[in-house]
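**Student:** Spelled out, the chains give:
There are 2 protein chains.
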Amino acid sequence: MAVTWPEGARSAGVACGIKPGGERDLGLLVLDRPSSWAGTFTRNAAAAAPVHWSRSRLGTPARALVVNSGNANACTGSSGAAAAREEADAVARHLSCHREEVLVASTGPIGVRLPVRDIVMALPTAVNALEADVGPFSESILTTDTRTKVARVPCSSASVVGVAKGAAMLAPNMATMLAFLVTDAAVDPATLQKVADSAVDASFNRISVDACESTNDSVFIFATGTAGDADVDALGAATTDVCRDLATKMVEDAEGASKLVRIRVEGSRDDRVASALGRGIASSVLWRAAVFGNDPNWGRVLAALGAVDRTLDLATVSVAIGDAVVFDKGEPVVDLAAARRNMEGPEVVVVCDVGGGPGAAEVLTADLTPDYVSLNAIGTT
Amino acid sequence: MAVTWPEGARSAGVACGIKPGGERDLGLLVLDRPSSWAGTFTRNAAAAAPVHWSRSRLGTPARALVVNSGNANACTGSSGAAAAREEADAVARHLSCHREEVLVASTGPIGVRLPVRDIVMALPTAVNALEADVGPFSESILTTDTRTKVARVPCSSASVVGVAKGAAMLAPNMATMLAFLVTDAAVDPATLQKVADSAVDASFNRISVDACESTNDSVFIFATGTAGDADVDALGAATTDVCRDLATKMVEDAEGASKLVRIRVEGSRDDRVASALGRGIASSVLWRAAVFGNDPNWGRVLAALGAVDRTLDLATVSVAIGDAVVFDKGEPVVDLAAARRNMEGPEVVVVCDVGGGPGAAEVLTADLTPDYVSLNAIGTT
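Just so you know, the protein sequences line up as chains A and B, in that order.
Residues 1 to 381 (my numbering) make up the first sequence, in order.
Residues 1001 to 1381 (my numbering) make up the second sequence, in order.
Note that these hints are calculated values from the structure, not bench results.
The reader is advised that the hints may include incorrect statements.
As the list claims (entries may be wrong) - Cross-link-like lysine to any residue pairs, in silico, SDA-like; alpha carbons within 20 Å at most:
#, chain 1, residue 1, chain 2, residue 2
1, B, K1329, A, V334
2, B, K1329, A, S78
3, A, K329, B, S1078
4, A, K329, B, H1052
5, B, K1019, A, V334
6, A, K329, B, S1079
7, A, K329, B, G1077
8, A, K329, B, A1081
In this text, all values refer to a predicted model and were calculated from it rather than measured experimentally.
Here chain A stands alone, though its shape is the one from the complex:
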């Protein structure tokens, strides 16, 4: 069933020739009127040129966003900055708006000059193809993803629709996770930024595959306002649901992955510490390799916890794999057969209770497989 953007937004996805196989690699998202928007961007100091461009536009209304896949336009020096500006310029000419109203995003290999002329030449086709259906746009942003990632959550009389691609921590060769959300609720930019920050913190910031932070990570949310004033709490909940759905889809489609790993940390001082502990486990290549082998090596989970919180008291810690407790308040539980069985499916759940505190968090990762290494070893430059 085709998902469509909320009223006031249209998109297109075409092939401009960056990807050698002729797949769609240029996306255009157009808002009928200048719209509120908010964004969160990578904190990496090697942030790509399009990140610098779009971040500098925060706080002013947007009319359009242009995105390409197959090239990150990252670490491309002065020519990269010029290319991002040129893209915005070209889109602005087609829409008769200011280039400052056009946002830019890119995803693909780092350090290759962006063939901006190919993008400019393909823009008329993209403009002619604009439609409410999110399909072609959601295809145009993919890199090593094997499928499109789309989510829609209603929110009283409005709705929130999101489209994303994996990568980022999942496949930083391709150098990006990107997500684009549109709501038809009316909401001012400052409120929308709070909604975005909170949703991103509870979703994309709680996934990690290889703990590598990309140069291009960007999340955009646009509010067209056609459905009238937002119930901010409902909008926040719907936005968080959309982001969580997209984040889960990213991990499920992580490079080389065979399993989703759901890490729940409970009983921590606060949610922030719980999230850091969960990310520590999600960053352990040893634990992730054990998951690939259905091997309940819980010692690697404890070693990861102990490296994050050096004050942790093992006597207060318990670990379970699925419903099988493997470490109970400082003491190992000898029978691992049940834990091993709980690792055989496509989703593995690890629950760590680290004491009596109120903090909790869930972090998602994928297993580490020989395929992941092979995919990232050869032919990436």
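For chain A, the structure is supplied; the task is to place chain B on it using the hints.
**Tutor:** Positioned in the frame of chain A, the structure of chain B alone reads:
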């Protein structure tokens, strides 16, 4: 050529039955007289029982150290602590000393109860086998290591001899890097601790394979004093040389590795920041996978730098692979052929100049291979 311990130290390595294949798995190091010693230990909150035991003995003279491989005695709860004490007790009875003079170390899988009776039963054989040759001892501590790791550096009339095993960040399944050094220089414990801290910081703390911090990492240095008072500067230099030699041997013998990666960071604010940047690159599984494929994906190096230092200005950064510059003060260098050639040997050198500062550091790592994943995926519990 057999390496022997400095005068005043003897060792043995025997099989006590922990390793199922009957390999040597019990090491005993005995000092003729109570000796100064210093130690540095993992900071992991999930530190193993032998780490707790040995760390608590810092500052008092030592007569012996007992070490087993094939079992980390980590995360083993109250029975683990009792087992470490029982080992010390048994050694003390044989040497007619106090159990507080006996240090303990272990390496192997986490979370398995230590068969301490097997160790106690094999001790008489070990005591009878004590000799100056380091060979059998250096074998007894190995886990997934493929060869022994021994280093010797003369130091005026004295010398420093060290024996180590890899793992730790290299292969934390086996849950440990261990190193044991002996000098015949006479030096008080406080000075020896300073020598040890400085040497470890410049060697073992500058290697990283999978960035996983073990529960059992321990470095011990003993001073028998038979060669008379130490020239502390010369002793410090010799100790650092021994530690660096052993650290390099660990990375060369890292699980599944096919290449040594030498990461040099220059031009940083200070050495500490340079070391953090180098460790950031060494922790990037994406860069390490690219090294396996001889693929000069320097974008992954920049992404790792930018994730560690968020204030980094790319316009001041240059990156070379061997002698081939790939990124020059903010601009990519298009020709990668020379860089690719420089990755084909058994050692890859990455040089990152991050500005005009005085700080520099070298960090060693190994490439990430499908073999590493396979080794750590199956049969580890």
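**Student:** Take the hints in turn and mark each one as holding or not.
**Tutor:** Taking the hints in turn, this is what the structure says about them:
no.: 1; hint: B:K1329 to A:V334; result: 56 Å, violated
no.: 2; hint: B:K1329 to A:S78; result: 11 Å, holds
no.: 3; hint: A:K329 to B:S1078; result: 11 Å, holds
no.: 4; hint: A:K329 to B:H1052; result: 18 Å, holds
no.: 5; hint: B:K1019 to A:V334; result: 19 Å, holds
no.: 6; hint: A:K329 to B:S1079; result: 13 Å, holds
no.: 7; hint: A:K329 to B:G1077; result: 9 Å, holds
no.: 8; hint: A:K329 to B:A1081; result: 15 Å, holds
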